[in-house]
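Chain by chain, the residues run as shown.
2 protein chains.
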Amino acid sequence: MTYGSADSAPDSPAPAAGHPSAVLDLLGLLAYAELVAFFRLTDNAELAPTLAAKGELAGLAATEYAHYKRVHGRLAELGADPEEAMGPFVEPLDAWHARTRPQSWLESLVKAYVGDGIAGDFYRKVAERADDDTRALAQTVLSESDRGEFIAAHVRAAVAEDPALAGRLSLWARRLVGEALSQAQVVATARVELASLLTAEEGETESEPGDLAAVSRMFAKLTDTHNARLEAMGLSG
Amino acid sequence: MTYGSADSAPDSPAPAAGHPSAVLDLLGLLAYAELVAFFRLTDNAELAPTLAAKGELAGLAATEYAHYKRVHGRLAELGADPEEAMGPFVEPLDAWHARTRPQSWLESLVKAYVGDGIAGDFYRKVAERADDDTRALAQTVLSESDRGEFIAAHVRAAVAEDPALAGRLSLWARRLVGEALSQAQVVATARVELASLLTAEEGETESEPGDLAAVSRMFAKLTDTHNARLEAMGLSG
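Listed in order, the protein sequences are those of chains A and B.
If you're matching positions, the first sequence starts at 640 in the numbering used here and goes up one per residue.
If you're matching positions, the second sequence starts at 640 in the numbering used here and goes up one per residue.
Chain A on its own, in the form it takes in the complex:
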């Protein structure tokens, strides 16, 4: 069983409560984001300076896999074909990773933290919009994301020791979010219902589909939460 394809989405408005197709889109996006994060984090773990650090980053990757598995399973329970749901997001997410290959251990930590943070923002959207079981899933994933704090602490310690790193890593973080916004723009244009769900103000069910100002407002909000994460790592926006 599959859900409506990308092409038919704008012509088939989702029921007011539940947004099935947009929520499935969002879950498809998250499932692929977790799977590809698993792969890229595992690559990056090879940059780790010690065997112990390598094991720690492998652990973060394994958690991404567990999240992928959970979202994948939920998509199947909802009657969607998980691979089909992930399909539209393969290219933009692969492109983001290809354009943001960490060149050092610290860059890979900053990327993991930033990427995880953005994913968290999306899980919060799932928690706001989806049915009870899917909300429970999003909350479980969010509750497992404290591990991000261990990364932030690592980066803070490195920056405290060598303050020259702060400028370089801040630039890197800016590039990470810039490239993410540029891919998000592609997705927002192609997946109008998903964009409408993501850009809805609190209290609203959705913004008007194709509302570009709403997309810009969401990007501004993403940038705000990103800046908060930078500060947590001792970097600046």
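Treat each hint with caution, since some may be false.
One copy or two, either will do: identical chains are not told apart, so a pair holds if it fits within one copy or between any two.
Subject to a maximum C-alpha distance of 20 Å in a straight line, what follows is the list of computed EDC-like cross-link-like pairs (lysine to aspartate or glutamate) [as the list claims (entries may be wrong)]: (1) Lys860 to Glu847; (2) Lys708 to Glu847; (3) Lys860 to Glu818; (4) Lys860 to Glu722; (5) Lys708 to Glu783; (6) Lys708 to Glu685; (7) Lys708 to Asp720; (8) Lys860 to Glu685; (9) Lys860 to Asp801; (10) Lys708 to Glu723; (11) Lys860 to Asp760.
Please keep in mind that the hints were generated in silico from the structure rather than gathered at the bench.
Got chain A sorted already, so can you dock chain B onto it with the hints?
Just chain B now, kept in the frame of chain A:
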């Protein structure tokens, strides 16, 4: 706290019951084997023909990580430094992987099955020789290895569809085990107590340290269980 180093091992025979240093060696070997299997399986998952298969192989890799984590934790509980315990096995295991890079999806499946099988033989040794808690750990890991059957089924199906594959994959499997035996020879020479634990006949606590005939007998036994695994995949030894 750490246990005796490689150099001192032959001069400091382990207590008769328990073989602490040899058992810690074996756990260190398994911990690093699982960690590196996690990394290499994740690389190989990129060869998967579909997104679904990619997710499945990522799942196998995540299981290797979970096993690594368990063995790593047990080493720490036993008072060993897990990274130090893994240290002597980094080079031979990395060498094995470097000399056996799969060139195709099917080669990566055969490698995963063969590698997992050899690890299983070693976990069974742990189960025979170690204390109760460590034995329980080995049994848990072994009970989670049914997943190997899904790999064997995949390979069998591919070989049934294209019988020409059988010869090529059988050769590949022979190379896998040949390279493993050559690395095992290096380890057996450097880690005499470990070799003595591994080569002990059933009922014996250990063979005489440095007994080369015992090492050869163990290799013969490894080759036997390897051939049984080949048959399970529809290949020949």
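Checking Lys860 and Glu722: alpha-carbon separation at most 20 Å within a copy, between copies, both or neither? So Lys860 and Glu722 fail the 20 Å test inside a copy (30 Å) and across (43 Å) alike.
For Lys860 and Glu685, with the copy left unspecified, which applies at a CA distance of at most 20 Å: within, between, both, or neither? Answer is neither; intra-copy 33 Å and inter-copy 34 Å both fail.
Pop the pair Lys708 and Glu783 into one bin, within, between, both or neither, using alpha-carbon distances up to 20 Å. Both: 14 Å inside a copy, 17 Å across copies.
State whether the alpha carbon distance between Lys860 and Glu847 is at most 20 Å within one copy, between copies, both, or neither. within (18 Å within a copy, 69 Å between copies)
Identical-chain pair category, Lys708 with Glu847, by Cα at 20 Å: Classified as neither: same-chain Cα gap 32 Å, cross-chain 48 Å, threshold 20 Å.
Given a CA cutoff of 20 Å, do Lys860 and Asp760 count as a within-copy pair, a between-copy pair, both, or neither? within (10 Å within a copy, 54 Å between copies)
Check Lys860 against Glu818 for me: Cα-Cα at most 20 Å, and say if that holds within a copy, between copies, both or neither. within (16 Å within a copy, 55 Å between copies)
Up to 20 Å CA-CA - Glu723 versus Lys708, copy category: within (15 Å within a copy, 33 Å between copies)
Which holds for Lys860 with Asp801 at a C-alpha limit of 20 Å: within a copy, between copies, both or neither? For Lys860 and Asp801, the Cα distance exceeds 20 Å both inside one copy (31 Å) and across copies (55 Å).
Since the copies are identical, ignore which copy is meant and state whether Lys708 and Asp720 lie within 20 Å (CA to CA) inside a copy, between copies, both or neither. within (14 Å within a copy, 32 Å between copies)
Checking an output row: Lys708 and Glu685, CA cutoff 20 Å. Within, between, both or neither? Between copies, since 17 Å is at most 20 Å while 23 Å is not.
Violated hints for the displayed structure, listed by number in ascending order: 2, 4, 8 and 9.
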